Amino acid sequence: MANSQSSSGSKKHNLWVRVTHWVGTAAFLLLVTTGFEILMVHPRLYWGEVGNDLTPAFLELPVSRNYKHGGYEKRIAFFADKNSPVSAVRTYEIFNENGWGRSLHFLSAWILVVTGLFYLIAAIFSGHLHRQLLPGNISSKSFFNDVKDHLVKRIPQRMTGSKYGLLQKTTYSVVLLFLFPVIVLTGLTMSPAITAACPFLLKIFFGLQSARTIHFFAAFLLVLFLLIHVVMVIRTGFRKNMLAMTIGNKTPSDEKQ
Amino acid sequence: MKNNKYLITRRTAIATGLSSLGAMILYGCTRPTSPPTYGNILRMGDAFTYNAHRSLFSGRALAKEYSRRDISSFPATGTTNPGDSSRAGFSELYAQLQKKDFADWKLSVEGKVNNPGSYSLNDLYKFPSRTQITRHTCEEGWTAIAEWTGVPLGNVLRHAGIHTNARFVNFYAYDGWIDSIDMLDTFHPQTILAYGMNGKNLPLQHGAPLRARIETQIGYKSMKYLQKIVVTDEFFDTGDSGWAWYVGM
Numbered sequence: 001m002a003n004s005q006s007s008s009g010s011k012k013h014n015l016w017v018r019v020t021h022w023v024g025t026a027a028f029l030l031l032v033t034t035g036f037e038i039l040m041v042h043p044r045l046y047w048g049e050v051g052n053d054l055t056p057a058f059l060e061l062p063v064s065r066n067y068k069h070g071g072y073e074k075r076i077a078f079f080a081d082k083n084s085p086v087s088a089v090r091t092y093e094i095f096n097e098n099g100w101g102r103s104l105h106f107l108s109a110w111i112l113v114v115t116g117l118f119y120l121i122a123a124i125f126s127g128h129l130h131r132q133l134l135p136g137n138i139s140s141k142s143f144f145n146d147v148k149d150h151l152v153k154r155i156p157q158r159m160t161g162s163k164y165g166l167l168q169k170t171t172y173s174v175v176l177l178f179l180f181p182v183i184v185l186t187g188l189t190m191s192p193a194i195t196a197a198c199p200f201l202l203k204i205f206f207g208l209q210s211a212r213t214i215h216f217f218a219a220f221l222l223v224l225f226l227l228i229h230v231v232m233v234i235r236t237g238f239r240k241n242m243l244a245m246t247i248g249n250k251t252p253s254d255e256k257q
Numbered sequence: 001m002k003n004n005k006y007l008i009t010r011r012t013a014i015a016t017g018l019s020s021l022g023a024m025i026l027y028g029c030t031r032p033t034s035p036p037t038y039g040n041i042l043r044m045g046d047a048f049t050y051n052a053h054r055s056l057f058s059g060r061a062l063a064k065e066y067s068r069r070d071i072s073s074f075p076a077t078g079t080t081n082p083g084d085s086s087r088a089g090f091s092e093l094y095a096q097l098q099k100k101d102f103a104d105w106k107l108s109v110e111g112k113v114n115n116p117g118s119y120s121l122n123d124l125y126k127f128p129s130r131t132q133i134t135r136h137t138c139e140e141g142w143t144a145i146a147e148w149t150g151v152p153l154g155n156v157l158r159h160a161g162i163h164t165n166a167r168f169v170n171f172y173a174y175d176g177w178i179d180s181i182d183m184l185d186t187f188h189p190q191t192i193l194a195y196g197m198n199g200k201n202l203p204l205q206h207g208a209p210l211r212a213r214i215e216t217q218i219g220y221k222s223m224k225y226l227q228k229i230v231v232t233d234e235f236f237d238t239g240d241s242g243w244a245w246y247v248g249m
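Here the protein sequences line up with chains R and E, keeping their order. Those letters in the first sequence? Residues 1 to 257, by the working numbering. Those letters in the second sequence? Residues 1 to 249, by the working numbering.
What the hints contain is simulated information worked out from the structure, not anything from laboratory work. Since we're looking at a predicted model, the values are computed, not measured. All C-beta atoms in this analysis are idealised placements derived from N, C-alpha and C, irrespective of residue type, glycine included. Hints may contain errors.
[As the list claims (entries may be wrong)] Pairs of lysine-lysine, BS3-like flavour, derived with a Cα cap of 27 Å:
hint: 1; chain 1: R; residue 1: LYS74; chain 2: E; residue 2: LYS200
hint: 2; chain 1: E; residue 1: LYS200; chain 2: R; residue 2: LYS82
hint: 3; chain 1: R; residue 1: LYS240; chain 2: R; residue 2: LYS148
hint: 4; chain 1: R; residue 1: LYS74; chain 2: E; residue 2: LYS100
hint: 5; chain 1: R; residue 1: LYS203; chain 2: E; residue 2: LYS64
hint: 6; chain 1: E; residue 1: LYS228; chain 2: E; residue 2: LYS200
hint: 7; chain 1: E; residue 1: LYS228; chain 2: E; residue 2: LYS106
hint: 8; chain 1: R; residue 1: LYS68; chain 2: R; residue 2: LYS82
hint: 9; chain 1: R; residue 1: LYS240; chain 2: R; residue 2: LYS163
hint: 10; chain 1: E; residue 1: LYS99; chain 2: R; residue 2: LYS74
hint: 11; chain 1: E; residue 1: LYS126; chain 2: E; residue 2: LYS106
hint: 12; chain 1: R; residue 1: LYS153; chain 2: R; residue 2: LYS240
hint: 13; chain 1: R; residue 1: LYS153; chain 2: R; residue 2: LYS163
hint: 14; chain 1: E; residue 1: LYS126; chain 2: E; residue 2: LYS99
hint: 15; chain 1: R; residue 1: LYS148; chain 2: R; residue 2: LYS163
[What the hints assert, rightly or not] Here are some, though not all, of the chain R residues that point toward chain E, as calculated from beta-carbon distances under 8 Å:
hint: 16; residue: GLU49
hint: 17; residue: VAL50
hint: 18; residue: GLY51
hint: 19; residue: ASN52
hint: 20; residue: PHE78
hint: 21; residue: ALA88
hint: 22; residue: ARG90
hint: 23; residue: SER103
hint: 24; residue: LEU104
hint: 25; residue: PRO192
hint: 26; residue: ALA196
hint: 27; residue: PRO199
hint: 28; residue: LEU208
[As the list claims (entries may be wrong)] Chain E residues, not near chain R, derived (Cβ > 10 Å throughout):
hint: 29; residue: GLY117
hint: 30; residue: GLY161
hint: 31; residue: LYS228
hint: 32; residue: PHE235
With these hints in hand, go ahead and build the complete structure from the sequences.
See below:
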């Protein structure tokens with residue numbers, strides 16, 4: 001009988017994995033919802049430190065009535081030269097629900113960061129990170145075989161010494177060890193108090209607006225991951241997977257061991 | 001007593017630990033360091049962020065300053081003319097001052113100070129000035145860089161004889177806004193009362209004749225059209241506006 005402490009082969013998720021998974025899920029869904037609301041208020045993305053309605057955008061997203069609203073009075077130049085920066089009075093009544101949107105975003109971010117740190121520390125010290133998540137010494141051949149298997153919709157139970165397949169391990173590692181750190185750090189880079197204390201954040205992300213743009217694309221990739229994750233959970237046995245991640249039931253493949 | 005061979009039993013250690021933790025929480029209750037949370041979970045999150053920022057960072061670090069080349073275009077949002085009766089934030093008083101180009105304008109400084117009084121623009125010009133090129137970060141998501149010239153708020157309040165038990169500085173604006181900051185932000189070297197923008201007098205749409213610049217917080221704390229400053233030793237509660245009081249993020 002496989003118990004939850006066994007090093008490999010067990011399909012049963014540890015209690016701390018199950019709890020951090022669902023608390024993290026709830027916080028992530030709140031962050032996506034409020035993040036989208038915040039994006040709706042100013043649906044323009046820029047590169048560098050500065051970006052506003054009076055400067056060119058890198059990307060404009062048609063996600064709210066604020067999209068290309070153009071509700072400004074005459075532009076007034078600050079300086080005499082013809083390329084002078086300008087000022088203009090906004091007359092358009094914009095969509096803005098950031099009062100609750102921002103506060104809920106940051107509250108959810110606290111929950112996700114605390115849960116994520118707890119998960120990371122537990123994963124490192126229990127060996128979960130090393131045994132179950134890191135892809136280890138993958139060869140390009142085994143990796144592409146795994147990709148091919150996914151493409152022909154034959155999802156294999158690979159002998160990786162983990163409950164996860166090779167492509168699955170790689171994806172989880174990229175999400176947990178790259179995308180989450182990037183989205184947290186770019187989020188912090190948008191904070192005036194934090195960048196005053198930690199000015200290197202503005203350097204590594206090329207400025208506040210670059211950090212905001214990277215934050216958006218990291219969020220996009222995380223939502224894409226969520227969708228693929230849910231599809232894979234359904235295709236590999238929804239009931240079995242949900243039982244393993246909730247009440248921690250042993251799965252039929254556990255019983256055989 | 002069966003366990004008298006131990007000076008401190010596990011049970012007493014736990015009890016002592018819990019009661020001292022309780023004392024720390026109670027101490028926190030008697031000396032509020034944050035505004036009321038109104039039982040609102042969002043305001044509790046804001047308070048947590050505020051306390052985390054104040055515990056983790058010194059609060060004395062300067063926000064990044066830029067070069068003149070970096071000065072950018074700058075939208076004017078919120079109230080843009082309190083002298084215009086057809087717009088939001090209209091003030092009869094402001095309209096009168098505006099007619100005489102703010103010659104009669106005075107900033108009132110009141111509350112927990114030894115010498116309450118008012119400062120005309122000429123009075124403020126006599127203080128050593130500070131010029132800084134900083135980034136305005138709006139809660140909406142946009143940013144803009146401008147050069148601001150003004151007098152450090154801390155210097156004005158020292159001149160007025162601010163009390164040592166002062167805890168908050170409350171700003172009152174002609175357009176009806178009231179907001180406050182703590183002492184750390186008040187005496188931050190980049191917290192200035194700005195009368196100049198990009199080398200000229202502060203334009204009407206950006207808060208003429210005087211606005212606050214609080215560079216370690218989001219744009220809406222840098223109030224425009226200042227009328228009055230009141231120093232208090234406790235938080236002056238204007239009710240839950242639906243917006244976070246501390247916006248260092």
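Hints, verified against the model:
1. R:LYS74 with E:LYS200: holds, 19 Å
2. E:LYS200 with R:LYS82: Between E:LYS200 and R:LYS82 the Cα gap is close to 18 Å, so the pair holds against 27 Å.
3. R:LYS240 with R:LYS148: Measuring from Cα to Cα gives roughly 25 Å; hence the hint holds.
4. R:LYS74 with E:LYS100: holds, 25 Å
5. R:LYS203 with E:LYS64: holds, 11 Å
6. E:LYS228 with E:LYS200: Holds: E:LYS228 and E:LYS200 sit about 23 Å apart, inside 27 Å.
7. E:LYS228 with E:LYS106: Distance ~9 Å between E:LYS228 and E:LYS106 Cα, so the pair holds.
8. R:LYS68 with R:LYS82: Holds - the C-alpha atoms of R:LYS82 and R:LYS68 are around 25 Å apart, at most 27 Å.
9. R:LYS240 with R:LYS163: Since the Cα atoms of R:LYS240 and R:LYS163 sit roughly 14 Å apart, the hinted pair holds (cutoff 27 Å).
10. E:LYS99 with R:LYS74: Status holds; Cα separation ~22 Å.
11. E:LYS126 with E:LYS106: holds, 14 Å
12. R:LYS153 with R:LYS240: holds, 19 Å
13. R:LYS153 with R:LYS163: holds, 19 Å
14. E:LYS126 with E:LYS99: The hint holds at about 24 Å.
15. R:LYS148 with R:LYS163: Status holds; Cα separation ~19 Å.
16. GLU49: OK, holds: R:GLU49 within 8 Å of chain E, min 6 Å.
17. VAL50: Interface hint status for R:VAL50: holds (4 Å vs cutoff 8 Å).
18. GLY51: Since the shortest Cβ distance to chain E is 6 Å, the answer is holds.
19. ASN52: OK, holds: R:ASN52 within 8 Å of chain E, min 4 Å.
20. PHE78: holds, 5 Å
21. ALA88: Hint on R:ALA88: holds, closest Cβ of chain E at ~6 Å, below 8 Å.
22. ARG90: Cβ of R:ARG90 sits 5 Å from chain E, so the hint holds.
23. SER103: With a closest approach of 4 Å, the R:SER103 hint holds.
24. LEU104: OK, holds: R:LEU104 within 8 Å of chain E, min 6 Å.
25. PRO192: Hint holds; R:PRO192 Cβ to chain E Cβ min 5 Å, cut 8 Å.
26. ALA196: Because about 4 Å separates R:ALA196 from the closest Cβ in chain E, which is inside the 8 Å limit, the hint holds.
27. PRO199: holds, 6 Å
28. LEU208: holds, 6 Å
29. GLY117: It holds; E:GLY117 is separated from chain R by about 32 Å at its closest Cβ, greater than 10 Å.
30. GLY161: E:GLY161 clear of chain R: closest Cβ-Cβ about 29 Å, beyond 10 Å.
31. LYS228: Holds, since 25 Å exceeds 10 Å.
32. PHE235: About 18 Å separates E:PHE235 from the closest Cβ of chain R, which puts it past 10 Å; holds.
Violated hints for the displayed structure: none, as all numbered hints are satisfied.
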